[in-house]
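*Asks:* One-letter residues, chain by chain:
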Amino acid sequence: MSNGVEMVVKSAKTVREAHDYTGTAPFSASNKQKRAYSVRTKTLLSDWAAGAAIPVAVIVLWQLGGSAGWISPEFLPAPWSILSAFAGLAASGELLHHLGVSIGRAGLGYVIGGVLGLLFGVLTGLFRKAEYLLDPSVQVLRLVPHLAIAPLIILWFGFGEVSKVAIILSGAFFPLYINTFMGIRSVDNKLFEVARVLGFGPLQKLHRLILPAALPGILLGLRLSMAVAWIGLVVAELIGSSSGVGFLINEAKQNSNTEVIFVGIIIFAIVGKLIDSLFRVIERKLLHWRDSYQG
Amino acid sequence: MGEVMLSIAQLNKSFDTAGGQVKALHEVNLDVQQGEFITVIGPSGCGKSTLLRIVAGLDTGYTGSVTLEGQTIGGPGIDKGFIFQEHRLFPWLTVEKNIASDLPLSRQDVRQKVDELIELVKLTGFEKAYPRELSGGMAQRVAIARALLRNPKILLLDEPFGALDAFTRAHMQAVLLEIWRKNRTTMIFVTHDIDEAVFLGNRVVILEPRPGKIRKIVPVDLPYPRKKTTTSFQELRLRVLNVFEKVEELELTDGAGI
Chain V
1 MSNGVEMVVK SAKTVREAHD YTGTAPFSAS NKQKRAYSVR TKTLLSDWAA GAAIPVAVIV
61 LWQLGGSAGW ISPEFLPAPW SILSAFAGLA ASGELLHHLG VSIGRAGLGY VIGGVLGLLF
121 GVLTGLFRKA EYLLDPSVQV LRLVPHLAIA PLIILWFGFG EVSKVAIILS GAFFPLYINT
181 FMGIRSVDNK LFEVARVLGF GPLQKLHRLI LPAALPGILL GLRLSMAVAW IGLVVAELIG
241 SSSGVGFLIN EAKQNSNTEV IFVGIIIFAI VGKLIDSLFR VIERKLLHWR DSYQG
Chain Z
1 MGEVMLSIAQ LNKSFDTAGG QVKALHEVNL DVQQGEFITV IGPSGCGKST LLRIVAGLDT
61 GYTGSVTLEG QTIGGPGIDK GFIFQEHRLF PWLTVEKNIA SDLPLSRQDV RQKVDELIEL
121 VKLTGFEKAY PRELSGGMAQ RVAIARALLR NPKILLLDEP FGALDAFTRA HMQAVLLEIW
181 RKNRTTMIFV THDIDEAVFL GNRVVILEPR PGKIRKIVPV DLPYPRKKTT TSFQELRLRV
241 LNVFEKVEEL ELTDGAGI
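Residue numbers (the UniProt record's numbering), protein chains in the order written: chain V, 1 to 295; chain Z, 1 to 258.
Heads up, none of these hints are tricks.
Lysine-lysine pairs mimicking DSS-like chemistry, simulated, CA-CA at most 30 angstroms apart:
| # | chain 1 | residue 1 | chain 2 | residue 2 |
| --- | --- | --- | --- | --- |
| 1 | Z | LYS128 | V | LYS42 |
| 2 | V | LYS285 | Z | LYS97 |
| 3 | V | LYS129 | V | LYS205 |
| 4 | V | LYS190 | Z | LYS128 |
So the derived label-pair ranges between C-beta atoms look like this:
| # | chain 1 | residue 1 | chain 2 | residue 2 | range |
| --- | --- | --- | --- | --- | --- |
| 5 | V | VAL115 | Z | PHE15 | 43 to 49 angstroms |
| 6 | Z | LYS216 | V | MET182 | 45 to 51 angstroms |
| 7 | Z | GLY75 | V | LEU119 | 27 to 33 angstroms |
| 8 | V | ARG284 | Z | SER44 | 40 to 46 angstroms |
| 9 | Z | THR230 | V | ARG185 | 49 to 55 angstroms |
| 10 | Z | SER65 | V | VAL115 | 49 to 55 angstroms |
| 11 | V | LEU45 | Z | ASP109 | 46 to 52 angstroms |
None of these hints come from the bench; they were simulated from the model.
Backbone N, C-alpha and C fix where the C-beta goes; we use that ideal spot for every residue, glycine too.
The task is simple: from the sequences and hints, build the whole structure.
*Replies:* This is the structure we're talking about:
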């Protein structure tokens with residue numbers, strides 16, 4: 001984050017610490033908070049502008065190149081024609097329909113794969129016996145690129161919805177599994193001693209110590225699994241489907257409708273990014289207690 | 001005072017290491033009265049932390065007997081409060097939730113006790129702060145409050161102020177003595193600081209290393225609050241230091257190193 005915010009936070013902290021020796025110190029940083037607010041919005045805007053600079057420049061050059069006729073529209077349609085294709089698909093309701101189908105598939109595969117990954121991760125993380133029993137097999141399967149087993153899944157389940165969800169869940173399982181396992185195994189042993197001294201029972205230990213401490217790993221796993229589920233979705237839909245954004249792209253390819261391919265790609269990018277941002281917000285909300293380097 | 005709270009008799013403890021068995025404690029005998037403040041001091045490797053961990057029920061596999069109010073110590077539990085050298089607070093919980101830890105703050109009696117303890121350790125205004133926002137001394141006071149919430153019969157402190165600067169340390173010593181004056185909790189306080197040991201304890205237990213055993217127990221019959229500058233304090237400090245130096249000489253002639 002920004003230096004300004006950090007400085008305000010730090011000075012509020014020293015104020016509190018200074019009060020500390022006298023014993024009674026209420027939080028008193030309200031007058032500083034207002035100033036911090038405008039500083040924060042200003043720096044947020046400039047951070048955002050820095051991130052947008054390169055994409056904006058690329059789009060401008062691209063449009064100029066397209067308008068001047070330097071680039072063939074079949075090869076690389078100009079941003080404006082992609083935008084109008086997008087508007088057309090959106091207006092007909094086609095886009096929303098396909099997007100809905102895609103999100104439904106990805107969501108279902110993600111939830112099933114995620115729940116299984118979390119469950120197995122918690123089991124192997126908590127119990128060494130479960131680790132010895134399950135982890136080697138999971139690690140072997142993890143190293144098989146999940147897209148390589150897609151043909152097999154289609155052979156087994158056909159081209160229907162089941163195979164699509166199966167491809168997605170087989171990818172979504174692993175990141176959450178591994179990060180849950182690692183999250184639990186990286187809980188500070190010293191805190192386990194505290195739990196013993198405080199007389200925590202097994203359930204309290206899980207609920208009060210292990211899960212909160214493993215939460216950073218679990219949330220990272222959730223995010224990575226989402227990304228993999230999204231990739232699995234594209235592959236599942238490209239292999240063969242009659243609906244979804246992947247289908248839209250495939251059909252456009254057959255009709256040499258390059259704009260629509262771009263629309264599909266952009267939709268995948270935007271929705272993927274939105275979901276990822278949502279996870280980041282959740283992460284920040286749940287992990288605000290962490291004291292790590294913010295850059 | 002008067003009744004024996006903790007009784008340690010013929011305590012022996014060895015550790016298995018790569019180089020064979022190492023004797024950590026040898027024939028340790030100590031009776032601690034109810035409400036007494038015992039400080040334990042000794043050079044590194046004298047087994048002072050091991051002694052404390054055995055009393056806490058964290059370390060087992062010893063011979064001899066260790067009883068708390070006549071009961072053999074079976075394992076760790078809330079009747080034996082333990083303060084580690086690091087505060088070991090749960091970083092995801094606020095100060096008040098750390099103190100309550102597994103008990104819900106929504107319960108009237110818990111809420112009241114937590115508020116009382118926050119006042120006792122002088123952290124009013126910091127109820128909602130997270131550990132990362134606290135200084136070392138403040139965090140250690142939260143840890144003390146967390147241990148006191150369960151009304152322990154005995155409070156075991158393992159070099160709790162070792163990582164603090166001199167000013168904060170003096171302040172924490174005062175806070176701890178005030179808690180002791182108010183609650184009369186029996187205390188065993190392990191330290192490597194002679195001043196601290198004499199300043200706090202009713203008795204100073206001096207351990208010698210390899211194997212760890214009690215060299216001498218020095219009673220400190222100075223009234224509280226003590227002043228470190230008085231001649232009587234300095235005399236006692238010298239007495240402890242004398243014993244301590246003999247221990248160190250012994251160690252050096254043994255060629256063991258520190």
